[in-house]
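Q: Listed below, chain by chain, are the residues.
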Amino acid sequence: MAVLNEEQEMLRDMARDWATEKSPVTEFRKVRREGAPEAYDPGAYATMAEMGWTGVIIPEEHGGSDFGWLSLGLVVEELGKTLTASPLIASTLAASAILLGGSEEQKAKWLPGLAGGEIKATLAIDEGPRHGPADYKTGVSDDRMTGTKAFVHEAHGADLFVVAAADGLYLVEAGEGVSLSTRSMVDNRNHAEVTFDGAAADRLANGGESLLDDVLDRARVLTACEMLGMAQQVFDSTLDYLKQRVQFNQVLATFQALQHRMADLFGDLAMMRSAVEGGLQALDSGFGVARAATIAKAEANRVLHTISREGVQLHGGMGMTDEYDVGFYLKRARVLEASWGGTAMLKNRFATLSGY
Amino acid sequence: MATQPDIDLHSEDEAFRTEVRQFLSNHFPDELKGKGNLLSAVEGPTDESDAERKWREAMGERGWGVPTWPKEYGGGGLTRKQAAILNEEMAKAGAYNPIGGMGVMMFGPTLLEYGNEEQKHEHIPPIARGEVRWCQGYSEPNAGSDLANLQTMAEDKGDHYLVNGQKTWTSGGQWADKCFCLVRTDRGDKHKGISFLLIDMDAPGVEVRPIQMISGASPFCETFFTDVKVPKGNLVGEEGQGWTIGKRLLQHERTNLSGGGSMARLMGASLSDIAKKYTETDANGELADKVLRDRIADFDIRWNAFLLTARRAGEESKAQGGVSEISSVLKKLGTKLGQERAEMLIEIMGMQALGWEGEGFSESELSGTRAWLFGKATTIYGGSTEIQNNIIAKRVLGMLDHQ
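Chains as they are written, first to last, in the numbering used here: chain A, 1 to 356; chain B, 1001 to 1403.
It cannot be assumed that every hint is accurate.
To be verified - Listed next, the in silico DSS-like pairs over lysine-lysine satisfying Cα-Cα at most 30 Å (straight line):
#1 B:Lys1120 / B:Lys1071
#2 B:Lys1276 / B:Lys1092
#3 A:Lys107 / A:Lys137
#4 B:Lys1394 / A:Lys243
#5 B:Lys1247 / A:Lys243
#6 B:Lys1336 / A:Lys243
#7 B:Lys1290 / A:Lys137
Hints in this document: simulated from the structure, not taken from any laboratory.
The shape of chain A in the complex, shown without the other chains (with noise of 0.2 Å):
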């Protein structure tokens, strides 16, 4: 864990009791249970919003704390851990586009409302099953967008998307020529592809050529947040299970060949913790973010793919079951280490901007 300030560890002990508390993973199973399309709660994303967790890096100017990447890290990985459901990412991933990318007009528009917890956004970006730099077909004339964009993230509920086209960003509020057609996945979230018809888009022409990809970058390094928490807090709960469970007239954690597996994924724990707040520091600092960004990911990848499949070995027949939680974990890495970037393309990115 980086070295925090006080007021960075106030934050985090809130998230945290706040998600033990309120959100545990039982919140979680009753979301899957009602079946809404949105697939989160609203008045929990309401309390979150109270709480000034959704203007952490929105400057005061626009009714944000300006707390920073760091300290918004810190709460992703806290609801990471308790599977806690919420557009809280994708608005806040939408609001760095807008501050990157926004006009004055844009930001004084859309930026308050993000930072309250009153508007949800989200990027759609993609136009297949895998993410990587591609000619988008998504097009605009006349101010009107034509395309589609497949499995966004917190689709449903959306009010703003940010929508990649072939000559950059450009906003686009959810009503007439936007539909949605849901795609039901493993992780019981809210995924949509979603298709714009005619459907009146604003552009962000500020930010330079590299705004797309200092977005994403953005979403990799957000995402590998709530990917710490998740790997965490599956470690957490294997070692509480091995310590618990007896075979052979003893508790398993006595064993030797379970101890070392466990030291094993303590050491990779740690190194996708220091690769994730590496990537939050550089947002912070606006210093090699694309570099850290594509360390944070790629670790978070490569270290919660194991954690989970251990995770669920580890727990025997009962990781199987729906009752234990361990699955859910298993089903959500996966979708998150598809999402802005697998490891294949991670590797051929960091090798690209490393000049071999």
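Model the placement of chain B on the given structure of chain A, informed by the hints.
A: Just chain B now, with coordinates in the frame of chain A:
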């Protein structure tokens, strides 16, 4: 958000920076630019040139070889911030720290914590001046991973101990002046019967025999003690406290063995630069062998995550005070990655990385071969990876003892 830097402190730091630059331009000779530190390496005899000696003496006089150690024992008495400035300026000037070795890395910090005033005044200043080489007398033929099984006996003879026994894997034993040793003062209790004793290597009855290793070098020795008389004043802490003190020293050792920054420097050129030299590139300047390119990226990403972990552990220990059990994690990760890199070099360079000596191989290729072989020791010494896993599982994760 972040506390504003104190203006006065800031300008004080800048004044210190100026002082360092002045010192370096006065004392660091151009001819030593880019040279390594002889003493910091475990292997190799001390064979100083005049320039090297003068540079060591200049640094030793200031105490800047051990910048954060207290001034009263010959250290630099610098704050961490000032030490960082010193490091930065030395790096800029191409200067190395001429003060090092086990005295600096392991024994000094431990003696500062557990030694009495007399011992600290006797032993710390010569370490700070780089005048004395220390070696470690821990392992024995039947006490490797099971270190507490050590049998070297120190018998109480009133005013002195009489030491008999054998140590092994004594790094640099043939060049050392003194040895910090774990000895048995009580056969009755495995852990509480161990004491921490300082022994002169030139005392009568001490014999050192180098061991030839698979790398061809002999950095390790067997050390024999036959009726060696050791004054009572050389006992650090109390009788029976050796296991506690010895373990503490190992934490310092692990932190240094994994040591992010220093290890990065040791590693020299990046794998990708070496691959560009030994394999083809395509029209974009990318490595043409895409499988190799992928594997190098895979390694580099994990290596970066490790360096970030070493940095984070440093920041955390600074905030919490002192080294911690995270040192086991760092040692385990750093040594594994170091070996992986050495194996990848062979894959990149092919036969050119496997020369033993003579014609057809450059000096750096030959030293790479030896480093690959010697590097196999890193996951064995300083507590093997398996021992680190035990420590992590039991002490950090609270998994119960395996019976």
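Q: List in ascending order the numbers of the hints, as given earlier, that are violated by the structure.
A: Violated hints: none at all, because every hint is consistent with the structure.
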